[in-house]
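*Asks:* Based on the sequences and whatever the hints tell you, model everything.
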Amino acid sequence: MKMKKLMATGLAAAMALSLAACGGSSSSGTDASSEAAGSSSAAATSAGGSGAAASGEKVKMTLALRGGTYGDVIKQCLPEFEKENNCDIEVLELEFDDLHSKIALDAQNSKGAYDLVMVDGSWMAEFTENEVLTNLSDAGYSFDDDIIPGTTDICKDKDGNIYLAPYFGNVTVLLYNKDLVKAAGYTGDNDIKSWDDVMKIAQSAKDSGKNGYIVRGGNPDSILSDFIPVMLANGAWVVDDNNKPTVDTPEMKQALTQYKDLAATGQSMEKDDIVAQIDNGDGALAVGWPGWYSPTSDSAGSYCVIPSKLTADGKEVNTSLYGTWCIGVPQNAPDKDLGVKLLEYLMDKDVQLSTVDAGGVPCRYSCLKDENVLKNHPTLSVVCDALEKGVYRPVIAQWNDFTTTFGTEIDNYMQGTESLDDALKNAQSQLELLMQ
Amino acid sequence: MRAKNTALKYGKPDSEDRAFPRLMTLPTLIVLLVMTAYPLVFTVFYSFTNYQYGKKGGYKIIGLQNYQSLFKSPYFQTAVLNTIKFTILAVLFEMVIGLLIAVFVHSLLRGQKVLRILLLLPYLLPTVTVALSWKMMLSQNYGIVNQVLKFFHLPVHNWFMETGTAFNTILLIDVWQNVPFVFLLLYAVLQSVSQDQYEAAKIDGANAWTTFWHITIPNIKGGLILCALLRTIDTFRLFDKVNILTGGGPAGTTSTITQFLYNYGIKNLKFGFGSAGAIIMTILVLILSIGYIRKTVS
Numbered sequence: 001m002k003m004k005k006l007m008a009t010g011l012a013a014a015m016a017l018s019l020a021a022c023g024g025s026s027s028s029g030t031d032a033s034s035e036a037a038g039s040s041s042a043a044a045t046s047a048g049g050s051g052a053a054a055s056g057e058k059v060k061m062t063l064a065l066r067g068g069t070y071g072d073v074i075k076q077c078l079p080e081f082e083k084e085n086n087c088d089i090e091v092l093e094l095e096f097d098d099l100h101s102k103i104a105l106d107a108q109n110s111k112g113a114y115d116l117v118m119v120d121g122s123w124m125a126e127f128t129e130n131e132v133l134t135n136l137s138d139a140g141y142s143f144d145d146d147i148i149p150g151t152t153d154i155c156k157d158k159d160g161n162i163y164l165a166p167y168f169g170n171v172t173v174l175l176y177n178k179d180l181v182k183a184a185g186y187t188g189d190n191d192i193k194s195w196d197d198v199m200k201i202a203q204s205a206k207d208s209g210k211n212g213y214i215v216r217g218g219n220p221d222s223i224l225s226d227f228i229p230v231m232l233a234n235g236a237w238v239v240d241d242n243n244k245p246t247v248d249t250p251e252m253k254q255a256l257t258q259y260k261d262l263a264a265t266g267q268s269m270e271k272d273d274i275v276a277q278i279d280n281g282d283g284a285l286a287v288g289w290p291g292w293y294s295p296t297s298d299s300a301g302s303y304c305v306i307p308s309k310l311t312a313d314g315k316e317v318n319t320s321l322y323g324t325w326c327i328g329v330p331q332n333a334p335d336k337d338l339g340v341k342l343l344e345y346l347m348d349k350d351v352q353l354s355t356v357d358a359g360g361v362p363c364r365y366s367c368l369k370d371e372n373v374l375k376n377h378p379t380l381s382v383v384c385d386a387l388e389k390g391v392y393r394p395v396i397a398q399w400n401d402f403t404t405t406f407g408t409e410i411d412n413y414m415q416g417t418e419s420l421d422d423a424l425k426n427a428q429s430q431l432e433l434l435m436q
Numbered sequence: 001m002r003a004k005n006t007a008l009k010y011g012k013p014d015s016e017d018r019a020f021p022r023l024m025t026l027p028t029l030i031v032l033l034v035m036t037a038y039p040l041v042f043t044v045f046y047s048f049t050n051y052q053y054g055k056k057g058g059y060k061i062i063g064l065q066n067y068q069s070l071f072k073s074p075y076f077q078t079a080v081l082n083t084i085k086f087t088i089l090a091v092l093f094e095m096v097i098g099l100l101i102a103v104f105v106h107s108l109l110r111g112q113k114v115l116r117i118l119l120l121l122p123y124l125l126p127t128v129t130v131a132l133s134w135k136m137m138l139s140q141n142y143g144i145v146n147q148v149l150k151f152f153h154l155p156v157h158n159w160f161m162e163t164g165t166a167f168n169t170i171l172l173i174d175v176w177q178n179v180p181f182v183f184l185l186l187y188a189v190l191q192s193v194s195q196d197q198y199e200a201a202k203i204d205g206a207n208a209w210t211t212f213w214h215i216t217i218p219n220i221k222g223g224l225i226l227c228a229l230l231r232t233i234d235t236f237r238l239f240d241k242v243n244i245l246t247g248g249g250p251a252g253t254t255s256t257i258t259q260f261l262y263n264y265g266i267k268n269l270k271f272g273f274g275s276a277g278a279i280i281m282t283i284l285v286l287i288l289s290i291g292y293i294r295k296t297v298s
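The listed protein sequences derive, respectively, from chains A and B.
Using my numbering, read the first sequence as starting at 1 and increasing by one per residue.
Using my numbering, read the second sequence as starting at 1 and increasing by one per residue.
Quick caveat, the hints were computed from the structure, so don't treat them as lab data.
None of the values given here were measured: they were computed from a predicted structure.
A hint or two may mislead.
[Unchecked claim] When the alpha-carbon atoms are kept at most 35 Å apart in a straight line, the in silico DSBU-like pairs for lysine-lysine are as follows: (1) A:K271 with A:K210; (2) B:K56 with A:K111; (3) B:K55 with A:K244; (4) A:K178 with A:K349; (5) A:K156 with A:K210; (6) A:K260 with B:K267; (7) A:K111 with B:K55; (8) B:K85 with A:K102; (9) B:K72 with A:K271.
[To be verified] Chain B regions said to be covered by chain A (calculated; three or more residues, Cβ under 8 Å): (10) 53-63; (11) 135-141; (12) 185-199; (13) 262-272.
[As the list claims (entries may be wrong)] Going by beta-carbon spacing under 8 Å, a handful of chain A positions derived as facing chain B: (14) D97; (15) A104; (16) A107; (17) N109; (18) N130; (19) G217; (20) N219; (21) Q267; (22) Q277; (23) N400; (24) D401; (25) T408; (26) D411; (27) Q415; (28) T417.
All residues carry an ideal CB built from backbone N, CA and C; glycine is no exception.
*Replies:* Following this line, the structure appears as structure tokens:
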């Protein structure tokens with residue numbers, strides 16, 4: 001009987017403890033402050049004046065945005081626009097896949113639900129093919145000279161018509177921990193120039209009991225994005241000019257071998273863990289995105305442009321991968337004119353400048369080279385350099401399946417469940433089937 | 001006259017008598033047709049097409065191509081094997097642990113109500129909350145599990161990123177969340193077992209094991225079968241935990257059929273391909289459950 005009582009108490013305590021742990025750790029959120037962008041009034045006014053606003057009736061707008069910093073910086077600019085244009089704006093903050101499917105599903109309705117949407121560059125081929133977005137050129141929108149030219153390529157179709165505007169300058173950079181880089185004899189200030197340097201720092205960190213180079217694990221898309229800089233540095237690429245898969249090549253083998261060597265100095269982790277490791281000094285290096293981490297001059301971590309050479313005297317190639325978040329107006333937007341006006345307002349130089357302190361990364365020279373901005377956010381000059389020479393993912397409608405297949409095979413090799421030859425052979429045959 | 005009326009009442013019902021019960025079952029039939037039969041027919045139909053929602057130009061019938069692609073895909077084969085392995089292990093652990101807890105709580109003289117509520121709580125939590133909570137507890141950087149292991153100088157793991165641990169970690173989380181369901185169902189069945197049998201066994205000198213094996217198990221057999229059937233069907237559809245915690249990795253070790261269909265079908269709105277996968281999945285669940293269903297019916 002005593003034994004039973006003891007077990008009952010034990011069971012009750014175990015359940016209560018485990019549930020308390022659940023309750024305590026489930027607090028997460030991405031709610032941004034709703035402060036108005038200070039210097040954006042003029043832009044909001046110039047963008048205003050819709051029919052509904054003029055009639056005094058409040059217009060309801062709905063935006064579908066990527067959750068996290070990407071959407072937060074837009075949210076903080078909205079109150080000024082709402083005030084000037086007599087409208088209420090509701091924001092849906094969505095995960096990557098959810099955002100894609102919501103936009104694609106809504107495009108089938110004659111009258112859509114969204115006035116403005118955030119779009120990843122890799123969806124452009126599919127969305128253009130299926131006429132999801134409004135032709136912004138026809139609506140009178142054009143790019144000014146201040147926008148970094150490389151970031152606009154993905155926003156246009158073959159004929160040069162604009163469908164998107166580059167809003168958040170996401171491009172891969174090399175995250176590093178200042179102390180661990182310093183311990184290896186580097187400063188991080190333009191002296192990590194080759195992948196040999198990366199390996200030296202990673203090995204030095206590993207020797208001191210830390211994680212050297214942290215690779216990104218999780219879903220296949222993340223794995224492939226993390227590998228692409230190494231792939232580019234080795235002169236490999238996923239497709240040829242005719243979009244035929246080219247993954248089973250000597251260059252790709254060399255790239256994957258080097259990637260595995262780098263991974264051996266650290267571990268495989270997810271985004272949040274990578275940032276935490278760099279920030280708390282448990283990890284030295286990782287490929288990341290500016291949207292993940294906004295270091296100030298006092299931060300323990302920082303980032304630099306990803307090395308463009310394999311060795312100090314090697315050939316220089318672009319290795320930064322674009323992941324720019326663009327904004328566009330759906331073809332079936334409830335109030336297309338107001339949607340375009342909001343897009344113009346959000347792309348305004350002053351409005352974009354006002355987002356920097358909240359983690360915004362505009363694709364504008366004037367913002368990324370502003371002396372006042374660089375005092376607090378010195379890494380934005382790195383982003384500017386990376387944005388000038390980034391590389392886009394291939395513009396193919398099958399990219400989602402492509403990345404799932406190739407990412408899975410890379411993971412199979414990295415985890416040791418397949419040999420290098422088998423992984424690339426399988427990837428090549430599966431991708432050829434896909435692209436048929 | 002009275003005898004004739006009685007004969008009529010208990011004899012073969014006339015058409016008017018038959019019409020009323022038919023009318024009464026009509027709403028159920030309509031609901032079943034709209035909610036079950038219609039989607040099923042369309043899922044079967046779309047599985048023979050290349051239908052991709054949102055793609056210009058409509059769709060065309062492509063015969064068995066979707067099924068051929070699925071059976072040829074090495075990733076689908078891995079997903080099927082993982083799903084079957086996961087289902088068998090999860091149902092087995094959930095049934096055994098749930099049964100033991102149910103028998104234990106049932107045997108308590110006091111505190112049954114409190115334990116019942118506490119034990120049920122994990123099952124009441126949304127799966128997303130459970131997955132995120134475990135993700136944080138098992139985090140490499142700030143997770144309490146690794147910190148406790150470090151404190152006791154035990155080896156720590158990158159739980160969701162290592163091929164050796166990812167599958168078992170998700171299995172553990174799933175078992176943790178679903179044991180309460182098994183417990184509750186079996187506990188309810190145990191309530192209906194006559195105490196006379198236990199008293200008789202006690203008088204005859206039966207020990208705890210003999211009582212459990214010869215009295216408890218035969219009496220709750222129906223509940224066990226039903227519980228195993230429900231858990232098999234539910235576990236086979238495992239998606240949320242895998243999608244949030246591992247996305248099917250590392251190296252496909254946690255990839256399930258639903259995760260595969262999401263990655264290659266639903267995510268790209270390829271409903272034709274996704275429908276073919278759903279049909280195969282339904283057939284597999286039926287095969288796995290056929291034994292249970294037969295026993296339940298008999």
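*Asks:* Taking the numbered hints from earlier one at a time, note which ones the structure violates and give those numbers from smallest to largest.
*Replies:* 5, 12 and 17
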